[in-house]
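Letter by letter, the chains look like this.
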Amino acid sequence: MTLDELFEVAPFSLPKAQKAAVFTAPLKALTAHHVQHCERYKQILVAMGLKVEDIQTLEDIPFLPTRLFKSMELRSVASQDIVKTMTSSGTSGQAVSRIFLDRDTSALQTKVLTRIVSDFVGKQRLPLVILDTSEVVKNRQLFSARGAGILGFSMFGSKKLYAFNEHMEIDVEAMSVFLAEHAGKSIMLFGFTFMVWLHFVQALERSGFRPDLSEAILIHGGGFKKLTDQAVSKAEFKARLNKVCGISPKNVHDYYGMVEQTGTIYVECPQGNLHTSNFSDVIIRRAEDFSVASIGEKGIIQVLSVLPRSYPGHSLLTEDEGVCLGEDDCLCGRFGKYFRIEGRLQRAEIRGCSDTYASSV
Amino acid sequence: MQALSSKIDFLIGQYTSLSKFGHTQPLEIFSETVLSFWIKVSERLLSDSQIKQYPDVATFAFFCRKANLFSLQRQYLDASLRLGRGVIFHIAPSNVPVNFAYSMLAGMLSGNANVVRVSSKDFVQVDIICLAIQHVLDKYEFGLIRERLCVVRYPRDLEINQYLSSLADVRVIWGGDTTISEVRRATMSAKAYDICFADRYSFAVFKAEAVLAHQDLKGLVRSFYNDTYLFDQNACSAPRLVVWLGDAKTIEAAQQIFWTDVQAQLLNYEIDAVATIDKLNMLCMHADDYAGVHLRPRKDNKLWRIMLNRLSSDLDEHRSAAGYFLEYATHDFGELSVAVNRKYQTLAYFGFENVELDGLMRKARFLGIDRVVPIGQTTNFSLIWDGHDLIRGLSRQCTII
Chain A
1 MTLDELFEVA PFSLPKAQKA AVFTAPLKAL TAHHVQHCER YKQILVAMGL
51 KVEDIQTLED IPFLPTRLFK SMELRSVASQ DIVKTMTSSG TSGQAVSRIF
101 LDRDTSALQT KVLTRIVSDF VGKQRLPLVI LDTSEVVKNR QLFSARGAGI
151 LGFSMFGSKK LYAFNEHMEI DVEAMSVFLA EHAGKSIMLF GFTFMVWLHF
201 VQALERSGFR PDLSEAILIH GGGFKKLTDQ AVSKAEFKAR LNKVCGISPK
251 NVHDYYGMVE QTGTIYVECP QGNLHTSNFS DVIIRRAEDF SVASIGEKGI
301 IQVLSVLPRS YPGHSLLTED EGVCLGEDDC LCGRFGKYFR IEGRLQRAEI
351 RGCSDTYASS V
Chain B
1 MQALSSKIDF LIGQYTSLSK FGHTQPLEIF SETVLSFWIK VSERLLSDSQ
51 IKQYPDVATF AFFCRKANLF SLQRQYLDAS LRLGRGVIFH IAPSNVPVNF
101 AYSMLAGMLS GNANVVRVSS KDFVQVDIIC LAIQHVLDKY EFGLIRERLC
151 VVRYPRDLEI NQYLSSLADV RVIWGGDTTI SEVRRATMSA KAYDICFADR
201 YSFAVFKAEA VLAHQDLKGL VRSFYNDTYL FDQNACSAPR LVVWLGDAKT
251 IEAAQQIFWT DVQAQLLNYE IDAVATIDKL NMLCMHADDY AGVHLRPRKD
301 NKLWRIMLNR LSSDLDEHRS AAGYFLEYAT HDFGELSVAV NRKYQTLAYF
351 GFENVELDGL MRKARFLGID RVVPIGQTTN FSLIWDGHDL IRGLSRQCTI
401 I
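Each protein sequence line maps, in turn, to chains A and B. Sequential numbering from 1 applies to the first sequence in my numbering. Sequential numbering from 1 applies to the second sequence in my numbering.
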């Protein structure tokens, strides 16, 4: 099956055996493509002692650490073909990932994102309420993964509204008008998990405003870490959302994704599981030796995507910890692996004499 | 100033004695009072049943026992008058629990009043040593010591650093480059100075034929483990580069038996997940900087061997930890000059005679390397550290003609 043919089937339709057959070949071909077009990537594989011809299964596809994109310029196209450079500030200091996109890779990202999201919200474009301020997109200084995420999801909106003013307060009047206009119709909400919690759920709880969002679908991402720090569980997040605006917990979808693999996001189904699509896969690996972890066993998340052609980011070892929960048998009916994120890997206490006094408390 | 005192936690001493530090009389180096004080502390520590669990405390107690102190003293015996500089402000590293005690001991043996900042992390080792000190201070008459010693703990705070720095004649800063620049934001009097222990890089040299001929390979491997994995290969003195001397065939054979045993030693070593990603990331960066490096096929992520086909002057920038070894084979010790820069601290060796190394080191005249020690002894404390003689560095010689 070619990439084009992949688009002809539903995005969560391939059972294990079929997926292995159609997914491994393009990933291997991408590996060969990057070896040929990215000298650095080629050097890295040589140093690791890995050869394209030795790749037999998906697990054999070499992986780079996502962190590498923060320190190294990696691209597989001529610089004049780059139409967009995506950046993301990491959680660890100033280092920024730089992801180089050409026209094709960029277009594919949009196409695949649409395919995946449609499976959860339907093919119709819906009125979109962005639970954020337009400043994030307007203000170039603030422009970040957050802004890019908003722009990426904006294309799903037939009409859109930024629900917060520049002080991150709910614009009650604008929101009321927007909701009245689309009363009775389903609408889509999009926001970053912690922003949704802090500036929407908690703000609504403090105010008397109770927008009717019983017909809405919320897509949110960015991670639960800050909520976990405040001892807020996923279930509580959904329950309190439901209480302030009537949104059904089954219509609240977390997603997992990263700027290094834009497009192939992993969306949470009504069962609360994140799903791999036909365009992507995850492999959970053991720290001990990078071997593949069993179902139910925690490990380091490797993400694979058929999209990255302009940069060698088709197979990446993240710094997130996760658990694969099963394959093809999620009660939601989607095929593919389903998994859960356990959070960011924590660095063990550093032993030795060079220390962290300057950054310690 | 009162506000400052409330922010500082005193493990030994109190704020009032600290403020009088500047007026205390210096002592001669290795003064009788200081020696008998530490002998008592050592006895107290060695009689503490707890220290069995803390080999680092036991090692320290052994270091400050009577016989060793007298032997150290002999190295500094001459007729000249050597007095303490005055007040020493020690900033101990946050990750090596017992280091503060060695630094404090050196400051006292050299005749000074000492204020020691210990890590804000709670280490049992720090408590054990401070309790022993307190016990000796309470039980015996050590007024001279009591008015010259404070062990303190406080969170990162420029104001406190500034206050303690203003008292100090010498600051002893452990903990690496970031700590040094942080502490240096606090100014000192014109005559005062710093003794700094910056980030360093260390390597090991093995004579291949000696490894093959060695009767106790397991013992050698255990020593190597203690030099490296015991502190996750993060200590400044931990070898990160391993150089093999000999002909290609002998080296190959020696590497084979040595690393097989190292791997076997790692059965219970737990590798941190982030450390494995660090290794992967470093290998990628290294591969980009130098064509020809390659990772040896590996059993697991606890031991990564990165084979080099040439040496370069920036190997210390290609460091990772927790079992990430750069390896190089040569028949010529002198070739190491290419690699050794100012950052290099310890050369750990196996298979050489002391005289032989003395000759090689004199011939090589490296930019770096302050200590050459047998494998297994890289973390042993010495009053001469990083090329600084702590006793001379913390005292002054008064010439009388």
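Source of the hints: derived by calculation from the structure; they are not laboratory data. Do not rely on the hints blindly, as some may be mistaken.
Said to hold, decoys possible - With a Cα cut of at most 30 Å, we get these calculated BS3-like pairs of lysine-lysine:
#, chain 1, residue 1, chain 2, residue 2
1, A, Lys42, B, Lys121
2, A, Lys51, B, Lys343
3, B, Lys121, A, Lys225
4, B, Lys66, A, Lys70
5, A, Lys16, A, Lys84
Said to hold, decoys possible - Far from chain B, by Cβ distances over 10 Å, these chain A residues were calculated:
#, residue
6, Leu27
7, His167
8, Phe290
Stated by the list, open to error - Rough simulated footprint, nothing fancy, chain A against chain B, three-plus residues with beta-carbon under 8 Å:
#, stretch
9, 67–80
10, 286–292
Note that this is a predicted model, so its numbers are computed, not measured. We put the beta carbon where it would ideally sit given N, CA and C, even for glycine.
Taking the hints in turn, this is what the structure says about them:
| no. | hint | in the structure |
| --- | --- | --- |
| 1 | A/Lys42 to B/Lys121 | violated, 44 Å |
| 2 | A/Lys51 to B/Lys343 | violated, 36 Å |
| 3 | B/Lys121 to A/Lys225 | holds, 24 Å |
| 4 | B/Lys66 to A/Lys70 | violated, 54 Å |
| 5 | A/Lys16 to A/Lys84 | violated, 34 Å |
| 6 | Leu27 | holds, 19 Å |
| 7 | His167 | holds, 32 Å |
| 8 | Phe290 | violated, 6 Å |
| 9 | 67–80 | violated (count 0) |
| 10 | 286–292 | holds (count 4) |
Hint compliance for this structure: hints 1, 2, 4, 5, 8, 9 are broken, all remaining hints hold.
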